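S.K.: Each chain, written out:
2 protein chains.
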Amino acid sequence: MSATPSGTAEQAVLVTEVGLRDGLQSIARTMSTAAKLQWLDTVYGAGVRSMEVASYVPPRLLPQMADADAVVERALQLPGLTVTVLVPNAKGAERALAAGAHRIVAPLSVSEAHSQANVRRSRDAMVDTLREICALRDASGKPARIIGGLSTAFGCTLQGEVPIADVVEYASRALQAGADTVALADTTGLATPALVDATLQAVRAAVGERCNAVHFHDTRGMALANTLVALRHGIREFDASLGGIGGCPHAPGASGNVAAEDLVFMLESMGLSTGIDVRALIDARSVITDALPGESLFGSIARAGVPSYYRAACADVANISGAAAAMESV
Amino acid sequence: MSATPSGTAEQAVLVTEVGLRDGLQSIARTMSTAAKLQWLDTVYGAGVRSMEVASYVPPRLLPQMADADAVVERALQLPGLTVTVLVPNAKGAERALAAGAHRIVAPLSVSEAHSQANVRRSRDAMVDTLREICALRDASGKPARIIGGLSTAFGCTLQGEVPIADVVEYASRALQAGADTVALADTTGLATPALVDATLQAVRAAVGERCNAVHFHDTRGMALANTLVALRHGIREFDASLGGIGGCPHAPGASGNVAAEDLVFMLESMGLSTGIDVRALIDARSVITDALPGESLFGSIARAGVPSYYRAACADVANISGAAAAMESV
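Residue numbers (numbering that gives the first Met the number 0), protein chains in the order written: chain L, 0 to 329; chain B, 0 to 329.
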């Protein structure tokens with residue numbers, strides 16, 4: 000487990016808003032490009048500086064992502080925004096590199112059953128694909144960072160339990176194949192605090208700080224509790240989606256990605272700096288409901304409201320215990 | 000901060016199901032006595048061995064609790080069930096003692112504004128009431144334990160911030176007045192992990208293990224994260240309500256008490272023993288929906304489902320990291 004942070008700079012936490020990719024690809028309706036660009040601008044205006052904005056997948060498979068180039072192009076115009084795309088194969092990587100995306104997530108299911116169901120390829124074949132993507136990046140001369148996105152790292156609805164040893168193995172293999180870092184994804188919302196603890200303990204022991212990010216779903220209400228555990232292991236990068244969109248297809252009505260608003264509220268309340276204005280982020284939810292009327296949004300803080308004295312309270316808590324102490328406590 | 004537990008016996012956590020009291024008193028409709036008795040039996044059947052079952056308040060103020068005697072009588076017939084009631088004044092205490100309740104919660108708002116709004120009396124007057132209740136208990140010769148229930152211990156929607164120094168002061172005064180223990184209640188769902196950390200740090204430093212319980216609301220989705228922090232401070236007693244009923248009147252549609260099903264799922268997944276079968280508890284929700292059709296229930300695990308391999312996974316995690324290690328991590 001890494002040391003708790005101290006000093007100002009290290010109290011920053013990176014929240015990557017992934018709704019344009021992981022949220023919209025789970026929704027049958029296709030959001031217009033204009034609405035996606037408004038989403039980008041609005042969320043950026045709330046202070047978000049890292050977004051996963053599209054998948055480079057064949058439009059016949061995922062028509063929701065057919066405008067990936069246009070969305071990436073606009074995202075790259077927003078100063079200081081780190082632009083991430085998801086890429087499942089070499090062809091997608093070529094498009095992402097040509098577009099100039101800053102970061103590429105290459106997914107790799109730790110569950111063999113999920114890998115077959117999701118991409119019709121084995122885990123091992125996906126390691127080869129990741130190697131190919133990394134080689135393309137190297138040959139391109141582009142500085143894009145490649146993230147091995149380890150899906151189903153905390154359990155799989157198809158396979159059941161996913162052994163921690165498998166997570167360690169595929170994290171190591173993703174890095175050996177050329178990924179700069181790996182992220183652990185709770186694709187099906189099965190992570191629990193003790194499982195996150197045991198998994199991060201093992202993976203960080205094996206690969207250290209190159210496992211630096213997590214992607215939690217809130218399907219079973221555990222995302223924020225799991226976040227506390229991840230913080231304690233030194234993780235400082237978290238995915239979340241506006242309005243918590245991105246439902247799990249295996250649990251109708253259940254939420255998927257943790258709502259960015261809830262995550263930001265909790266992190267800021269701990270004295271950790273996300274750079275994001277939670278009230279503006281809550282307002283940004285209207286981008287989704289305006290463009291996709293009737294779509295279910297999730298998250299508690301938007302419903303219950305930000306306490307009127309939120310900022311003052313955060314400052315007080317930070318004064319009392321300090322972010323480092325708060326981290327130590329979680 | 001108290002030591003983390005080790006050994007089998009100390010890995011037990013007490014979940015007190017408070018829906019019959021804190022849940023039903025927030026709902027305008029009155030549940031029939033027959034349905035309440037079914038609730039008792041069903042939740043008991045799921046393994047719950049601690050329940051807060053009624054308030055002894057004037058029926059004209061809270062008609063939902065007019066049958067408190069009948070409910071307490073039945074609850075006391077269930078072998079091994081610890082029966083708790085809420086009592087705001089001496090008259091209620093006399094009824095509770097006559098009925099033979101095992102535990103009496105005497106509420107005491109840390110926020111002066113909440114105290115005035117809720118019971119039209121000052122905090123200091125409520126300390127006097129608590130002293131009176133304790134004297135009645137002592138004079139009765141009954142073994143009932145008295146819990147000072149510190150409302151708005153983590154913030155107040157009327158007053159705003161509640162200083163931690165006030166929580167420490169009123170915890171100490173409640174104990175000096177004769178309470179056996181004190182519980183900290185997040186009455187308005189304003190607690191956050193760092194605030195829970197700082198508050199428990201201060202209160203436990205002042206009164207030690209006599210502050211042994213928390214009552215978290217999930218209004219802003221923080222209840223489970225806050226629970227992890229409380230566990231780390233050595234707290235082993237948690238309130239929760241079936242179906243998460245008990246909404247906050249200040250946030251329509253927002254949930255109140257953390258759903259007992261979610262809390263039990265998380266605790267058991269950490270290898271902590273609650274004695275409660277989470278699947279049976281989920282089934283028990285139908286007691287509420289049958290008796291109060293259309294009533295909103297809350298909680299994630301009932302909606303998303305318990306993973307099929309839940310038990311095995313829990314055992315695995317317990318083997319890998321042990322409950323003590325899991326606790327250390329949160």
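One thing to keep in mind: the hints can contain errors.
Computed beta-carbon distance windows for the label pairs [to be verified]:
1. P57(B) x P162(L): 57 to 65 Å
2. D127(B) x P292(L): 55 to 63 Å
3. P162(L) x D40(B): 36 to 44 Å
4. Q175(B) x E294(L): 23 to 31 Å
5. D40(B) x L61(L): 45 to 53 Å
6. P162(L) x A33(B): 43 to 51 Å
7. A112(L) x T29(B): 43 to 51 Å
8. D137(B) x G274(L): 53 to 61 Å
9. S272(B) x S272(L): 52 to 60 Å
Partner residues are not named here, just some residues of chain B that face chain L (Cβ under 10 Å, in silico) [to be verified]:
10. L75
11. V126
12. E168
13. A224
14. Y308
Just so you know, these hints were derived from the structure itself, not from any lab. All of these numbers come straight from a predicted model, not from anything done at the bench. Glycine residues also receive a C-beta, built at the ideal position from the N, C-alpha and C atoms.
S.K.: Now, for every hint given, state plainly whether the structure supports it.
M.R.: Hints, one by one, checked against the model:
1. P57(B) x P162(L): 57 to 65 Å: Since the Cβ atoms of P57(B) and P162(L) sit about 59 Å apart, the hinted range of 57 to 65 Å holds.
2. D127(B) x P292(L): 55 to 63 Å: Holds, since D127(B) and P292(L) (Cβ atoms, about 56 Å apart) stay within the stated range.
3. P162(L) x D40(B): 36 to 44 Å: holds (41 Å)
4. Q175(B) x E294(L): 23 to 31 Å: violated (55 Å)
5. D40(B) x L61(L): 45 to 53 Å: holds (50 Å)
6. P162(L) x A33(B): 43 to 51 Å: holds (49 Å)
7. A112(L) x T29(B): 43 to 51 Å: holds (50 Å)
8. D137(B) x G274(L): 53 to 61 Å: holds (57 Å)
9. S272(B) x S272(L): 52 to 60 Å: violated (39 Å)
10. L75: Violated. Min distance 33 Å.
11. V126: Not OK, violated: V126(B) not within 10 Å of chain L, min 25 Å.
12. E168: violated (16 Å)
13. A224: holds (4 Å)
14. Y308: Result: holds, 4 Å to nearest chain L Cβ.
Hints 4, 9, 10, 11 and 12, counting from the list given before, are not met by this structure.
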